[in-house]
Structure formats: C-alpha cells, structure tokens
Amino acid sequence: MERHPFSTPIGWRGLFRIISERFLKLRNSRVARRALRNSLLLTGIGLFTFVVLLGIFADFLAITPYDEVQMRHRFEPPSAAFPFGTDNFGRDIFSRVVYGARISLQIGLSVVVLSGISGVIFGTLAGYFPRLDNVIMRVMDALLAFPEIILAIAIAATLGPSTANAIIALAVVYTPRTARVVRASVLVIRQMDYVTAAICAGATDMRILRRHVFPNTMAPLVVQLTFIFAYAVIAEAVLSFLGIGAVPPTPTWGNIIAEGRNYIREATWISLFPGLAIGITVLGLNLLGDGLRDVLDPRMKVRHG
Amino acid sequence: MIAFILRRLFAVIPVLLLVTLASFLLMRLIPGDPAMLIADISASDAEIEKIREQLGLNEPFLTQLLHWYGNLLRGDLGESYLLGRSVTQAIWERLPTTLSLTLLSFVLSTTIAVTLGVIAAVKANTWLDQFVMSFALIGVALPNFWMGLMLIILFSVHLGWLPSGGYVPLSEDFWGWLRTCTLPAISLALLQIGLLSRITRATMLEVLQQDYIRTARAKGLSKSKVVGKHALKNVLVPVITILGISFSLLISGSLVIETVFSLPGVGKLLGSAILRRDYPVIQGGLIFVAVSMIFINLLVDILYAWVDPRVRY
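Here the protein sequences come in this chain order: C and E. The opening residue of the first sequence carries number 1 in my numbering; numbering runs sequentially from there. The opening residue of the second sequence carries number 1001 in my numbering; numbering runs sequentially from there.
Keep in mind that a hint or two might mislead.
What the hints assert, rightly or not - Across the chosen pairs, the derived CB separations fall in these ranges:
| id | chain 1 | residue 1 | chain 2 | residue 2 | range |
| --- | --- | --- | --- | --- | --- |
| 1 | C | 197 | E | 1277 | 52 to 60 Å |
| 2 | C | 248 | E | 1157 | 33 to 41 Å |
| 3 | C | 296 | E | 1310 | 26 to 34 Å |
| 4 | E | 1138 | C | 83 | 21 to 29 Å |
Derived from the structure by calculation, the hints contain no laboratory data. The beta-carbon is built from N, C-alpha and C at its ideal position, and this holds for glycine as well.
The following block holds chain E by itself, in its conformation from the complex (with noise of 0.2 Å):
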C-alpha cells in the first residue's frame, strides 16, 4: 500500500509542473502590456517602464520562469492590482465559505443521489424509476446558475423561507450559515444528483444480477436487507472513482453560484477578478484549483485502492 501511495505521489510532480507551466504561459496572452494596466492612465514612459522593472518584465524569458517557480514554491502568487494584499491571502481569506459550501453540498447530493439511485434500481422499469430518472436527465440539463435565480425567486421572494443572498460564517452561527448557504448548496447539488443516481442505478442493477445477492436471498434474507447489506457496499465502490469528478464539478458550479448568490467565497473572488482583469487574482485562482484537484484526484486514488485491493496492482 506504502508502495502504491509512494508510486501515485511521484506520478503527480510531473502534472504539477505541467499544470502551473500552462498557468504562466496563459498570462503570457494577455494582449497588450501588463504594466500599462496596473499603471495611471496618465502614467509617463519612464513610470510605465518603472513598472515594468518591478515586475520583471524585462528580465529574460527563462528567468522571469524560474523566478515565478521560486515564489510558487514559497506559496507566493504574487499581488493582486486591485485588493492591495497577496493573491495568497485573499484566496485564503475566503477558502472557508467556499468550503463550508462545497461539503454542505457535496453531502446532499451523495445522500440523495444514492438514495434516489437504488431506489430506481430496485424499481427497475417501474413509473417510478422512470420518474427518478427523468428528473436526473432533467437535472444534468439545467444549468446551475439558472437553477439558482429560479430557486431565489421560489424560496425567497415568493415563498420568503430563505434569504436570497448574505453569508453568515460557520463560525459565528451555525443556523444562521445553513439558512444562508441552502439554497446556493441545492443549485449547486442538482448536477450532481443527476449524475451520481444514474451512476449509482446501473451499477447497483449490476450488483443485483451477482450469484452471491441470489446466495443472500435464497438463505432468507428480506430483500431490504440484502439491498441494504450485501449490494450497497459494492454499489459504493464504483461511485468512489467518481468522487473526484464531483469535487471538480461542484468547484467549478461554486465559482459561477457564489457570484448568483453573492458569497463571499473563492468563486466571488474570481468572478470579480475576471470583470475587472486583475490578472494575478485570475492566475492564482487557476492554480489554487487545478493544484487542490491533482490533490483531490490523489487522494481518491488511493482510497480507492484502499476500499478496493485489486487496484493495487
């Protein structure tokens, strides 16, 4: 197992460089100059090219490159034009909303997917399989940013239960974050349960045709229990190896749903950067995902050769 874990982790160095090369390289498109944007508009030749120096502009390519690996590796993401702080802070400012929205989510659709998804299976062919899996088609097709404003104009200005938008932090008051942080969880959640209850049907219709879940039923056992014991835990395995791709999904949705619902999280951070081209926030960003997802991914891997031996070949 140590092994494995060793072998998954060297795999990973090259993707990172990778992975951050493509980041740098990106900025290198911005069209136009980096230094007439942080400067004045009225700014003079001489302080424009002052700029330029701080940055390192002018230093040669190579340079510029291994200069901006040093401060990857110290954590450095360089400094926001607009927020007066480092791109360092201010992601990790606002990490914990994101968070906090992230797992709340991610924890609802796991439940109801599953749920939704073995009871479509054990009512194979049924109507109400089928209307299990229509609303999961359904759900697929709807963008989650949309599902938002819609759910804001349902829960909150006609029906008044949930407010529309505001953060309270885990932190401060636990109702008050679950009251704030619904809504954006269930728009984000959606996708996800479409996804994972189709996933989770054809697998656990899979199990169902196994000669051990007949072994389970000619002993005697009811059939819940046999669902419940004996196929869940298999249906489980599979849907692990798409835990990574549900991170990556619900990480993204978050970007587009914070800025719905005004959070102040990551994903606002972003959005806002991107309207007012700040640059370092935008790479940063970037970064801060793609390296959590490697991670992320990382992680699931071996979980998944944890939960499943055969995978450690």
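Isolated chain C, as found in the complex (with noise of 0.2 Å):
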C-alpha cells in the first residue's frame, strides 16, 4: 500500500523534500540532496520566506490600512488591537512594517535583478575580451574605491529623494562587486576544453557566450546577489533613515525607524519593530547565501569545525 507524504509527521525536512522531488523534479539530483542536508540553507529559506509572505499577503494581514491617522489612539503601546502599537498620528505600526516588507523587498529585489544584469554585462565583456578588460575593470575599480554606503548615499543625494532614486543609487553601487564574480568565472571558463572544442566547431562569440559560458557564471552569481539582497536591504534603510528614500507616507522599514527616532523615549516601539523585520531578513538572507555557498560551490565551503 501506498503512503500519503501526509499521513505521518514530516517536519520542515520531509516538507521541503517533498517540495524538492515532486514540484521541482531534483529527486536524483546532487544538489537537491545537498541542500536537504544543510540547516543553514533551510533555515534561511523559512525566514525569508515568511517575510517575502509577509510582503505578498500585506493586504489581508494588515486589517487597518498602513497610512490610516487615528488620532484617538496615538502612541498606543502594543495591545491586541495594535499588535506593534500606533505612532504620533496613530497609525498602526503593524500594518506599516508589513507593507514596509513588501516595499524594501520591492527595492532590494530591483537592486538585485539590475545590478545582476549589469554585472553579467560588464563581467562578460571584461572577462571573454581582454581588449575591454583593462577599461571596464579600472572604471570598477575607482567605484569599488568608495565604501559602498557612502557612493550610495551621495547618488541618491544628488538625484534627490524617491524609490527609485534609491534603486539606481544601490544598483551603481553593487554592479562593480557582481561584475567582478561573472569576470572571475569568465576567465576560468574561458580556457576550458570544451569552449576550445566550441570554438573549433566554428561556433560564434554570442553562441559560446550564451551556450556554454553564461550557465556556468550562475552559481556564484546567484550566491553573491544573495548577500547583497542583504546588503541592499540595510542600505535602503539607511538611505530612508537619513531622508534619501523613498518619500513618506510610503513605509519603509528605514523611513518608520526614523519617524520613530524622534519619540523614541516615550514610544520605543515605533523603531524597535521595523528594526527586528530588517534583522530577520537580513539574516535569513545572509544564512540563504552561506547556504547556497555550500551547496552550489562546496570547493568554496568554510569549514564548519
């Protein structure tokens, strides 16, 4: 007789090999088996997750609307009513960091997918034509020469405060650090056998790019635009924090810790929640990219004792 997967406990393990094997057909894969072995990886994968469902479902989660004033009930201390309390205006903290949620990982995604497809440009060139290397690398150079926080908040500064200044700003920031991993790996595949072979079998620059180089830069890639989700999310808030953000009443977690700052005496927990929901993200991110370090790349594994 067959089992259901259901019928017996299965615990998050049993839940994500079920996942793995039936939905993702990874069941005889190497990888997949690896992943299931290593805690950290599956550990990072639940919070973020939670907070990208936070994010998603911030609608029905959030039962008073995130910019509704409610002057009655200003600085009202957590309670059932507010989970995470009321600010100044009385509005509900709770439903702000919830959306806040679904913004910064808005942002931090846009940060992620542009800075990637940048890197991917400019690693490529640099690294399969030598000719372009020594120009783009020294440009990457020079904006790898500011600390990263800095150059961000100088850009965003200067194209003045909104969304999608901030995204641009966080984006010119990281494209030297995913270009330099798509160049260190380009190099390296670039003098392998079968790209020769491929080039032998007439193939052009574009095919050999496309075919067999660009697959094979994926997996730092993804491991380095893990972190700097991670870092893209504390630098957004910083950004928020000091007023180059995007524009309140929007919430984001940067711009409510800062709101918050002003009362922080009275009502602590204004700054104290959108603080722990950058925490818990940063770290389930963080833990996902030393996970996936792992498993994708186990040559670069830090040795755990």
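The two chains are supplied separately, each in an independent frame; assemble them into the complex guided by the hints.
Shown next as structure tokens:
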C-alpha cells in the first residue's frame, strides 16, 4: 500500500524534500540532496520565505490601512488591537511594518535584478574580451574605492529623494561587485576545453557566451546576489533613515525607524519592530547565501569545524 | 620592499583620477541649475547669471574640469553654500571627532572579535561556539543605526549609565570623551565584531590543522600556549587583509551613527548637508572619504607585504 506523504508527521525537512522531489523534479540531483542536509540553507529559506509571504499578503494581514490616521489612538503601546502599537499619527505600526516588507523587498529585488544584469554584461565583456578588460575593470575599481554606503548616499542625494533614485543608486554601487564575480568565472571558463572545442566547431562568440559561458557563471553570481539583496535591504534602510530614500508616507523599514526616532523615549515600539524586521530579513538572506555557497560550490565551503 | 611600495604608489594614481572624475561627474547630475539653488528665490535673471559666472558654469566643460582639478590639487574642495566657510575647513574641524570615534570602535571591535573568534575555534562545535557564532550572525544582520537607538533606550533612558548624545573632545577631558563615545563606538563595532569573529574563527580552524601546531603540542606545550603563541600570529595575517574593509565600514557607519548620537563629526556634517542640499559639502565629503580609503588600503597592502613576504612577488 502506498503511503500518503502527509500521513505521518514530516517536519520541515520532509516538506522541503517533497517540494524538491515532486515539484522541482530534483529527485536524483546531488545539489538537492546536499541542500536538504544543509540546515543553514533551510533556516535561511524559512526566514526569508516568511518575510516574502508577509510582503505578498500585506493586504490581508494589515487590517488597518498603513496610512490611516487615528488621532484618538496616538502612541498606543502594543495591544491586541495594535500588535506593534501606534505612532504619533495613531497609525498602526504592524500594518506599516508589513507594508514596509513589501516595499523594502521590492527595492531589494530591483537592486538585485539591475546590478545582476549590468554585472553580467560588464563582467562577461571584461572577462571574454581581453581588450575591454582593462578599461571596464579600472572603472569598476574606481567605483569600489568608495565605501558603498557613502557612494549610494551621494548618488541618491544628488538625484533627489525617491524610491526609483534609491534603487538606481544602490544598483550602481553593487554593479562592480557582481561584475567582478562574473569576470572571475568567465576568465576560468574561457580556458576550458569545451570552449576551445566550441570555437573549433565554428561557434560564434555570441553562441559560446550564451550556451557555454553564461550558464556556468550562474552559481557564484546567485550566491553574490543573495548577499547583495541583504546589503541592499540595510542600505535602503540607511538611505530612508537619512531622508533620501522612499518618500513618506510610503512606509519602508528605514523611514519608520526614522520617524520613531523623535519619540524613541516614550514610544520605543515605533522603531523597535521595523528594526527587528530588517534583522530577520538580513539574517535569512545571509544564511541563504552561506548555504547556497556550500551547496552550489563545495570547493568554497568554509569549514564548519 | 621599496620597489613594491613604489609599484603600489604608481598603481594608485589612475584610481585617484577616476575617483575624483566620478565625483565631478556626479555633481553634473544634479537636477536643475546649481546657480538657482544658491540664489535667493527673489533673485533676478541677471543676478543668477552673475552667480553662474562666479561659479564658472559658463565655461566649456573641459575648462571647468581642469579648473576643478587645479583647485583639488591645492586642497580646495570649494565653498559650502550654507556654512560660510570652505569645505576643506569644515571637514578639517570635524575630523578629530570622527577619527577618535572610529579608532575607539576599531580597538573595541578588533579585540572583542579576535577573542570571540579564537574561543569559538578552540571550542569548535560546542554550545559555546554555536552561541558565539549566532551572536556574530545577528550582529551582522541588524542595522547599526537601529542598534544605536536601542542602546540609547537601554543604557541612557532605562539604566542612565551613559549620555544619549553630545560630545566632549578628547583633548579636553578623557573620561568625558569616553562617556560620550562609548555607545556610538559599540553600535559601530557590532557589525565589525560579527564579520571579524567569523573570519578569525575560520582562519583559526585552518591554522589549528597545520603540522607545526601538532608538533608544538607533541613537544609538550600546553594548549593555551600553542593557541596564544603559535596559532594566533598566523591567524592575524589574513585578518590584516580585511582591515581595509573594516575601516571602510567603520567610516560609512560613523556617518549614520554620528547623526543618531548627534556627534559633531564628518558624518554629521554630511548628514545635514544632504538634508539641506549643500552639494559642495556632499562632493567634498565623498572625495575626502574615497581618497582616505584609497590610502588606507594602500597602507594595508604594504603592511600585509611586510608581515607576509610571500606577497611581495
């Protein structure tokens, strides 16, 4: 008799196994088996999924609209009605943090996509065409010479405060970091026998890049992008905190903390909860990145004792 | 060694040129006309034109660039729109605050992180190791300006041990300085401690596997002596390489932390310049920080080559 997968308690690990086997068709993959044994990765996936779900279902979770002003309920400490308390306008901090998850994740994801694309373009050009290497990488070095937050602040401050400008600023800052990773892989892949074979077979540069080089740069790039997502969440909070990120009343974790700062003595809860939300997200992403690195590239594995 | 230093010095020149060029170009991205920003709202067209003339905005692009580089070489970063003094002077006045805060934080974070990393490596895979490494992971995940606010709540508001802001210069009163700088330095240090202790632990584990450690144990040295004398020296070498990154993070961190604790440093200067659109100060601060970082990294490279002669290729 075939046992139903849910007939016994399965736990998180079992659930991940079912998802990976049934839905992602990874039954015999070595990567999947390594992933299931990696508790860092699973914790990271769990934490990050939790925050993503908050962002996706913000409309259902936040019963009070995030910008509804209720002057009768100003500075209320956390209670059953307002789980995270209210701010100086009587707005529900829980709603604001949940919507903040949506906006902060959108910003993080946009930065990841933009810096990923431009990093692949510049990194591939530099790694595959030696004549472009020097020019591109010197410009990237110059960008890397700036501490990342300070460059992002300067760009965002110059362009003016808005969500789009914060995304542009962060994407510019993180592009050299992705480009470097892509270039390093391309330099190695270019020397591989299968690339030489493809050249001998008469493949064009475009075809070699698309079919042979690009797929093999993905693993280290994905790891790097996971960390960039984490940095971008913190950096966005810094920009919002300094007043050059998303413009209020749009809630981002950074500007909720900034608004709460003036009332930090009387109403600590305003700033407390968005900070914890950032912590959970970044912790999840960092664990995910560490885990992915172990799983995708065991050679880079940091020894765990 | 001298040849190595000279080679590194020459390699710095193109980076310096590009960094300053990037800062110059960035200021061209300002939406609108800088002259309009400086002028009063009631200024007539002729007055605005006069300001444009004074700023050299009517010159051709290349002339402006060369003029700007000429000023830069003389250490002239331009005039602040609002402070009534040169940007160089404004930065110079606030530098001691930032430097003393950064150094205090650096000393704190390095000693704590190396200690924690060594303990975690020696007690690898015990509850102590897991506790220390969880602490490190959480330290990296929480934003430092938020940690600053929470430390204020705990230590200034509830316990009343330390002030929540203000600044006493080091030259006036050491204990006053320490009291005002401790909380900001700790909030800055947490991220460092998280990063550095993980690296120290990983390196220590690697070093402890080496043959010479086994030899030292075999000849009868105690474990603490082996770790303290033989292993620690070799752990510190890779730690030096990330000192540059540490300083970069501390300086970026101090920007926000000074705003949180209202310390009159370079970070606070930049923070208020951003709010008031004082572009020359933003640009000057950016260049100042980037150029200092380039030289700190150069110094770290040289230090590294001095400690580990294999690097001198």
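Exercise. Of the hints stated earlier, which fail here?
Worked result: 2
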